[in-house]
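One letter stands for each residue in the lines below.
2 protein chains.
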Amino acid sequence: MKETSFVLRGGIAFSESPHGITTYYRGYVVCVDGICQGAFTDLPEEYKDLKLYDYGERLIIPGMTDLHVHAPQYSFRGIGMDAELLEWLSTYTFPEEAKYADIEYAKKAYEYFADDLKRCFSSRAVVFGTMHNEATIELMNQLEETGLITYVGKVNMDRNGGVDLEEKDAEASLQATIDWLEAIDGKFVNTKPILTPRFIPSCSDDLMRGIGKLSKERNLRIQSHLSENVSEIAWVKELVPESTSYANAYELFDTMGTPECPTIMAHCVHSGEEEMRILKEHGAYIAHCADSNMNLTSGIAPIRKFLDAGINIGLATDVAAGSSMNMIKTMLITLQASKMYYRLVDQEVKPLTFEEVFYLATVGGGSYFGKVGTFKKGYEFDAVVIDDSKMFSMRDMSIRERIERMCYNDADAIIKDKYVRGKKVFTSTTI
Amino acid sequence: MKETSFVLRGGIAFSESPHGITTYYRGYVVCVDGICQGAFTDLPEEYKDLKLYDYGERLIIPGMTDLHVHAPQYSFRGIGMDAELLEWLSTYTFPEEAKYADIEYAKKAYEYFADDLKRCFSSRAVVFGTMHNEATIELMNQLEETGLITYVGKVNMDRNGGVDLEEKDAEASLQATIDWLEAIDGKFVNTKPILTPRFIPSCSDDLMRGIGKLSKERNLRIQSHLSENVSEIAWVKELVPESTSYANAYELFDTMGTPECPTIMAHCVHSGEEEMRILKEHGAYIAHCADSNMNLTSGIAPIRKFLDAGINIGLATDVAAGSSMNMIKTMLITLQASKMYYRLVDQEVKPLTFEEVFYLATVGGGSYFGKVGTFKKGYEFDAVVIDDSKMFSMRDMSIRERIERMCYNDADAIIKDKYVRGKKVFTSTTI
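These protein sequence lines map, in sequence, to chains A and B. Numbering-wise, the first sequence is residues 40 to 470 according to our numbering. Numbering-wise, the second sequence is residues 40 to 470 according to our numbering.
The set of hints was computed from the structure by calculation and includes no laboratory data. There may be inaccurate statements among the hints.
If chains are identical, the list can't say which one is meant, so a pair holds when it fits in one copy or spans any two.
[As the list claims (entries may be wrong)] Derived EDC-like pairs (lysine to aspartate or glutamate); straight-line CA-CA distance at most 16 Å:
no.: 1; residue 1: Lys429; residue 2: Asp155
no.: 2; residue 1: Lys138; residue 2: Glu320
no.: 3; residue 1: Lys389; residue 2: Asp121
no.: 4; residue 1: Lys455; residue 2: Asp244
no.: 5; residue 1: Lys455; residue 2: Asp93
no.: 6; residue 1: Lys344; residue 2: Glu150
no.: 7; residue 1: Lys344; residue 2: Asp385
no.: 8; residue 1: Lys87; residue 2: Asp141
no.: 9; residue 1: Lys410; residue 2: Glu387
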């Protein structure tokens with residue numbers, strides 16, 4: 040029997056829509072050839088010959104998708120958090136990323152990143168590297184080994200990075216990108232390249248246009264940053280004076296993507312009606328980074344408005360402006376941010392519910408990878424098994440209650456096992 | 040040699056003012072008879088005969104003070120967090136607290152609370168029990184055993200608690216309070232009683248007046264809640280129509296305390312100029328509960344304004360509206376809340392700095408207990424030793440950087456040892 044065909048038993052929770060969480064107490068979830076066959080109260084006859092792993096009282100939830108995370112920033116997370124975006128970039132981030140020119144440095148730092156990503160709630164991630172090809176290929180090698188499914192980008196930046204973190208010009212940056220793509224061509228199963236112009240202040244017009252062209256020619260997706268910080272937005276308006284909005288600037292360079300080849304835009308804290316229209320039209324994904332947006336005093340993105348407008352949304356940790364790769368901590372901060380937007384900014388914009396945030400962390404971001412993020416039949420089988428027994432209770436709690444409690448007490452939710460496309464990629468040796 | 044006289048060596052950090060964090064790499068901090076003698080780069084000759092505990096690269100910081108936490112709510116923390124205050128109280132909190140009429144139930148639940156409080160960053164706490172005398176005495180017994188220094192209150196509530204969580208009337212509530220005080224008189228060294236009228240909606244005018252009188256007669260401090268939620272504030276205005284503000288209502292009942300016998304008011308999210316003046320005049324303490332105030336969509340208290348006005352402030356977890364007793368997680372959320380107040384509400388009110396929040400978590404709340412919360416000479420010796428080696432870094436970090444990083448990654452900061460008044464009250468057996 041194949042290793043990627045089996046049955047898991049335990050306390051199961053997943054989203055079928057943003058409006059509810061489907062749960063099974065001591066239920067079954069079935070994986071055949073890495074594909075979910077559904078969740079059941081009683082195990083259907085046809086699956087009774089499959090190997091059964093009984094996790095008892097433990098929780099089983101879909102793997103989560105971290106839609107925006109900077110691998111080279113992981114090692115300095117949680118530092119310099121009193122700064123705002125542009126100061127934080129120039130003081131902490133760019134000097135650190137410049138060190139990845141040294142492959143030995145990169146190798147060591149990325150081992151730490153890859154190992155921790157393997158140990159957290161994410162089964163999928165969309166990752167920024169640095170502008171360095173060699174280091175980025177090392178990162179992809181390491182991520183491939185984890186068994187996680189990722190997109191990874193060599194960063195493009197030909198201006199405003201300082202002497203140590205700038206490519207010579209648009210041509211050099213584009214050529215490096217092509218070299219990178221050729222070097223990894225056919226090398227990976229789990230790890231895909233994604234074009235990664237850092238953000239408009241880092242990329243000349245020619246570079247942006249070149250990225251847009253490359254994306255079309257090679258059917259490659261793009262990730263970048265949009266409308267994170269008020270000073271950044273003003274700067275973009277100076278840099279691209281003909282644009283009607285920051286999103287429109289990306290549009291002018293043909294980098295906003297299509298529904299078939301969607302661009303991810305991190306943040307969108309200050310995106311108004313025009314940017315919402317552009318994001319929607321292009322089928323772009325918003326990577327909502329609530330932790331980061333609070334830490335760098337950027338603000339709070341109006342996710343409820345984006346949801347109502349039918350824009351694609353996933354959650355993201357945005358390490359190191361977000362301080363942790365823990366997606367359940369991200370869920371908590373997403374909820375808190377949304378409550379504060381309602382209370383402090385606009386009481387017409389209701390807070391996100393726990394159900395909606397759980398949906399965004401699993402299906403919302405998962406959909407960027409296809410049929411991913413839930414235990415409905417036909418979805419790729421990503422699952423995390425969680426031991427929450429450290430959290431005492433005076434009464435039996437429902438699976439729904441335990442899932443919520445876990446997100447509000449992330450430090451006490453211990454991952455036992457993690458599966459990606461039906462392969463076990465991590466197992467805890469301590470519980 | 041006395042057990043409460045010794046030297047600790049390690050990475051030391053503490054506040055001498057809100058504007059900086061004093062650090063020593065491989066420094067010494069000296070405790071004689073439970074009192075701190077100061078921190079040093081080189082150990083002074085006079086202390087060289089004391090027993091030295093060398094913690095190597097570990098961090099040593101002052102114990103923190105949790106200025107507001109509800110013991111009976113701990114076991115259901117992290118649940119029902121989509122509700123606002125009044126719904127949350129009636130749906131989750133009051134039914135749970137009613138169970139503490141059963142002493143066996145209370146005993147079991149409080150064991151869990153007391154044990155976790157012992158294991159966290161707090162060396163001091165100000166605690167709400169329930170209205171039940173027997174359960175509250177059990178809580179005090181258990182807290183006394185931990186070696187932590189606490190104030191604990193039997194809750195007064197003679198209205199709006201529902202059938203199962205209401206005292207008969209003011210007289211009954213006051214008599215129960217006197218009975219409770221007599222039952223514990225002289226029993227504890229570490230555990231002091233504090234008068235605890237829940238909040239004005241729970242206490243009739245007669246009860247509030249009686250508490251005020253009792254406080255004066257017996258020189259007992261008071262704790263309560265102030266201006267947490269907009270619906271609550273409107274309700275208080277209906278209940279005490281002659282009051283000019285919620286704080287003034289407490290003042291009318293003579294429960295706002297004095298600088299020598301200060302009242303703690305949790306929240307003050309919506310406190311304006313008049314309430315600030317009242318708090319200041321009475322020398323009251325604000326227990327700032329940022330996590331709780333986000334979770335219950337209450338809002339964000341303008342702590343910068345309160346600091347500028349010279350009002351006493353400490354930080355608090357407010358479990359279970361706050362979801363964790365972890366004070367360093369509370370510090371992170373306090374920072375995020377203050378940044379969002381600045382960004383979304385009033386850009387004249389600058390965010391709190393990391394230094395200020397560290398000060399509030401240690402000295403700010405500690406001062407409620409006297410000379411507590413720092414390693415300056417003459418302060419009571421409360422200390423927490425932390426292993427942060429799980430957090431990898433590519434370079435040597437300063438103690439200041441490690442302290443900040445720890446707060447942003449609370450799950451990876453492991454407590455090795457905790458001292459209160461020079462007594463070791465907790466030691467980890469796993470690291």
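Results for each hint:
1. Proximity of Lys429 and Asp155 under a CA criterion of 16 Å is satisfied inter-copy only: 11 Å between copies versus 21 Å inside one chain copy.
2. With identical chains, the CA atoms of Lys138 and Glu320 are never at most 16 Å apart, being 39 Å at best within one copy and 55 Å at best between copies.
3. Proximity of Lys389 and Asp121 under a CA criterion of 16 Å is satisfied inter-copy only: 11 Å between copies versus 29 Å inside one chain copy.
4. Taking the shortest alpha-carbon separations for Lys455 and Asp244, neither the intra-copy value of 48 Å nor the inter-copy value of 54 Å comes in at or below 16 Å.
5. Proximity of Lys455 to Asp93 under the C-alpha cut-off of 16 Å is restricted to the intra-copy arrangement: shortest distance 12 Å within a copy versus 35 Å between copies.
6. In this assembly of identical chains, Lys344 and Glu150 lie within 16 Å of each other by CA distance neither inside one copy nor across copies; the values are 39 Å within and 45 Å between.
7. Taking the shortest Cα distances, Lys344 and Asp385 sit within 16 Å of each other inside one copy (11 Å), while across copies they are farther apart (23 Å).
8. Taking CA atoms no more than 16 Å apart as the test, Lys87 paired with Asp141 passes in neither setting, with 53 Å inside one copy and 46 Å between copies.
9. In this assembly of identical chains, Lys410 and Glu387 lie within 16 Å of each other by CA distance neither inside one copy nor across copies; the values are 33 Å within and 47 Å between.
When held up to the earlier numbered hints, the structure conflicts with 2, 4, 6, 8 and 9 and fits the remainder.
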